[in-house]
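Enquirer: Take a look at the letters that make up each chain.
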Amino acid sequence: MTERRYRAVKNSLIPTPPFLKGGRGGISTPSATPAEQNPPSPPLRKGGAPVIQAAGITHRYGAKEVLADIGFSIHPGEKVVLLGCNGSGKSTLLKILDGLIAPTAGQFTYDGESITPARLKHPALHHRFRREVALLFQNPDAMLFNPTVYDEIAFGPRQMGLTDLDQRVRHWAAQVGVTAHLERPPFSLSGGEKQKVCLAALLALEPKVLLLDEPTAALDPRSTGWLVDFLSGLGVTTLITTHNLSLAPELGSRALVLGEDHRLIHDGDIHGLLGNMELLAAANLVHTHSHRHGGVEHRHSHVHDWQ
Amino acid sequence: MNRDRLLLCLYLAGILAATLVHDPVWLGAGLALVLLLAGGDALRLLRRALLAILAFNAIISLSYALMAWWQDISPWLTLVRLNLRVLLLTSLTFLFIARANLFRALDFSKGLTYVLGLAYSQALTFRRAHEDFRLALASRSLRRPSLMDRYRASAAAASWYLEKSLHAANQSAQALRSRGFFHD
Ligand SMILES: Nc1ncnc2c1ncn2[C@@H]1O[C@H](COP(=O)(O)OP(=O)(O)OP(=O)(O)O)[C@@H](O)[C@H]1O
Ligand SMILES: [Mg+2]
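Chains A and B supply the protein sequences, listed in that same order.
Take 750 as the starting number for the first sequence in this note's numbering and just add one per residue.
Take 2 as the starting number for the second sequence in this note's numbering and just add one per residue.
Just so you know, the hints here were simulated from the structure itself, not pulled from any lab data.
Ideal placement from N, C-alpha and C gives every residue a C-beta, glycine not left out.
Don't take each hint at face value.
Stated by the list, open to error - So, partial list: chain B residues that the calculated Cβ filter (under 7 Å) puts toward chain A:
no., residue
1, 133
2, 134
3, 136
4, 137
5, 140
6, 153
7, 157
Claimed, not checked - Distance condition first, Cα-Cα at most 25 Å in a straight line; then the derived SDA-like pairs of lysine to any residue:
no., chain 1, residue 1, chain 2, residue 2
8, A, 870, B, 148
9, A, 813, B, 125
10, A, 813, B, 99
11, A, 813, B, 135
Bound-form chain B, shown alone (with noise of 0.2 Å):
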């Protein structure tokens, strides 16, 4: 077993132990312990997960909030549980992206490898396009762009994505059938 594929089976054994660990001091130790395993990345990592998850968790966190606050019940558990799973799992899996070639992780079976090829190539895409979509606005602001034309503008782009990922997805299986992978 090369040492991807070895970490590889951990990160998938940390995602099962995330969901099934209800304590959130556990939670809290294995967020602990993936910022130890991150060394000097730890707060870069921290904060990039943060990022990533906040509109989400903010938007459910409020509405679990209200929603206990009509029933008369305690949200404090519930909250602090929901938040640090969330937290563990993007952070585990940041660092398992940062430290792991994915492509040698799953290089026993070809067809993974090849869907995993297809979608690095759509995630780069995308990454350009973003920066596109971002530096286009820029270019025709003569001010700062106001929250409502950022709003606006990354609307724009999600939708495009939208369009452009359901073709590219209709393409990806055009591909696959015409390579033969769905016969072997």
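Bound-form chain A, shown alone (with noise of 0.2 Å):
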């Protein structure tokens, strides 16, 4: 299935996107970054230098805190899953990666440059982070906005003045499969329909680093089968939020996991984790509940499939 997808991908009329061409992302590495501006980072999983770095981010709404410290990098075509229970700050996380907000302490840098709402002023570095980094919101309906499903997936590319604008728009939109919804308006597409055509539209752009905020909450189990063969044949740097836990390892090989004290609790391998049930419960991502099983009563923590 993955396989078929792939080249279908590479088949396709448009030219094989950088990013698409093998495991390591599309990121070209810079070797023009000094290694001394990078603090010290975790032995490489991936060849070359982190394509994000966070460091001591803390972000607070009012008073209450909801990210405390958070410090990990991401190299390139790394598949990267981020775990936490509701309100553990992932969202948050996501926002402040995409640049859209300041952290209330603490900084990250994308492919060696730092990045905050403000430096994103400059319109060099602006255009570029927005058009090699992608955000898909939690809510699909706060990215729709364009009179019809083609308009929503032209959207970007349209800004970067493209010639081959039509293939591209009706390229991926095979991809997700909405092709037969393009003259639709957005709107009045189901939850799981509005998804991928965000995922669609975020595709058009070719970006090397996706940000996903829980993309499979509201597709059925065949269309998260699809995203997650989909995902995997793509070649894009990916941090994905979730808190489905049976999926997870699907969605990448490394795990963060936010806890609930907003703390980053866990930063590794995702096998290793999801046999570690006392850090699970401290991440709220178990829970524990009695079990009768022919009159014999008995608890312990358990795992919901599918959330």
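Using the hints, build the complex out of the two chains.
Expert: Written out as structure tokens, the structure is:
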């Protein structure tokens, strides 16, 4: 399935965008980035400098702390899953990493460039960053404002002044399976269809980094399976949030876990995490309740599949 | 009577007075009084009130001015009166909301407090959502969003609100009914 998708992508009319060529991702690691500029980072998982590097990120809404001292780095081509219970600050972290809100403290760099809403006022940096980093909002409605699905997908590419606009729109619409809806107004679609349109709209810019906020929340099991295959066929760097533990290993190989205290309580291999019930319970990602089997009652921690 | 309820009574009296008085001088005096009461926040209050009524008042004033020109009457007195009154009512409302705790002002009635709670949570939800619409447009724009795009995004946000609030109103009515609200 994955292979077929991948080939379908490769054989498309459009020349293969650089980020689809292999698992390394399209970030051309700049050798210009001086090593001294980067604080010491964990051992490199993939080659080259990190594409995203966050240090000491803390965020408060009013007096309420929702992120506490978050630090990590992500390398080109990595597939990272961000896990955390409701209200742990996942969406807030993604908005910070997309340069939309300024953290109360701490900073992060994209490809060696420090990113803040203030620095993004520089047109050149803004253009490059918005072109290369895309965020799928948790509520897809927030992203849909164009009169038709076609215009929605064309919104990004139109700003780049491309000549193959129509081809590009139809290509990505076909990739996510919304070709039949191209002429419909986006608000008339179902939740899952909206999510696919948003995804096509983001992919049409051919970004290097995809930040996806609960992309499977509105999808039925079949569409979820499709998305998993689809994402693993793309060579882009991805950071995906979810609180669905059973899906997490399908979405990435490395997990970041936000605890209930809004701190990063795990950063590492996802399979190691899944065996660590203590940690999962601390993150409020599993729950304990009683079971009754043939008259014997016992309690144990429990993962609920498909949310 | 607690302090917040007293403020509520004063506020209601103020609203009534502002709708009964027609002399622009008195309306202006009322506005001056509100700003005086606002103290250090006066400028911010005035700015917020002006922004809030700008679009509405501009359209009403313009259409009235056109009509007056057509019928060959002088529009000035009516225009000044209308704009002053709306500005006075808006600033008074903003000042009241900033200074009084509505929940405590209405705590004599369980029902009113409950309705206020619903309205408040709706307002909060909508404020968050509005922020999300704004951020989503920013996130997808390689350049500064054009006026047309901003217009489209806020139109989408508005229609989303409308649909949501209709749905929410429906839900709230059902919730009220299920809690026996319409019987006591
Ligand atoms: N604009 C805002 N203003 C004030 N508080 C906010 C705002 N946005 C989020 N919060 C609060 O910050 C906390 C973290 O929110 P966030 O949306 O980042 O959590 P999350 O991990 O994405 O949760 P979920 O799994 O429910 O999506 C929550 O308690 C939320 O109520
Ligand atoms: Mg969230």
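Enquirer: Tell me if residue 136(B) is really an interface residue toward chain A, meaning its C-beta lies closer than 7 Å to one of theirs.
Expert: Given a least distance of 5 Å, the restraint on residue 136(B) holds.
Enquirer: Against chain A, is residue 134(B) within 7 Å by beta-carbon distance?
Expert: Status holds, d = 5 Å.
Enquirer: Measure nothing beyond the straight line between the CA atoms of residue 813(A) and residue 135(B); if it is 25 Å or shorter, mark the hint as holding.
Expert: Cα-Cα ~22 Å, so holds.
Enquirer: With the threshold set at 25 Å, check whether the alpha-carbon distance from residue 813(A) to residue 125(B) stays at or below it.
Expert: holds (16 Å)
Enquirer: Does the structure keep residue 870(A) and residue 148(B) at a Cα separation of 25 Å or less?
Expert: It holds: about 18 Å lies between the C-alpha atoms, which stays within 25 Å.
Enquirer: Should the interface hint for residue 137(B) be scored as holding, given a Cβ-Cβ cut-off of 7 Å against chain A?
Expert: holds (4 Å)
Enquirer: Close enough to count: is the Cβ of residue 157(B) nearer than 7 Å to one in chain A?
Expert: holds (4 Å)
Enquirer: Should the hint that residue 140(B) touches chain A count as held when the rule is a Cβ pair under 7 Å?
Expert: holds (5 Å)
Enquirer: Grab the minimum C-beta distance from residue 133(B) to chain A and call the hint holds if it beats 7 Å, violated otherwise.
Expert: Cβ of residue 133(B) sits 4 Å from chain A, so the hint holds.
Enquirer: Does the nearest C-beta of chain A fall within a distance shorter than 7 Å of the C-beta of residue 153(B)?
Expert: holds (5 Å)
Enquirer: Measure nothing beyond the straight line between the CA atoms of residue 813(A) and residue 99(B); if it is 25 Å or shorter, mark the hint as holding.
Expert: Within the cut-off at roughly 21 Å; holds.
In terms of the numbered hints stated before, the structure departs from none.
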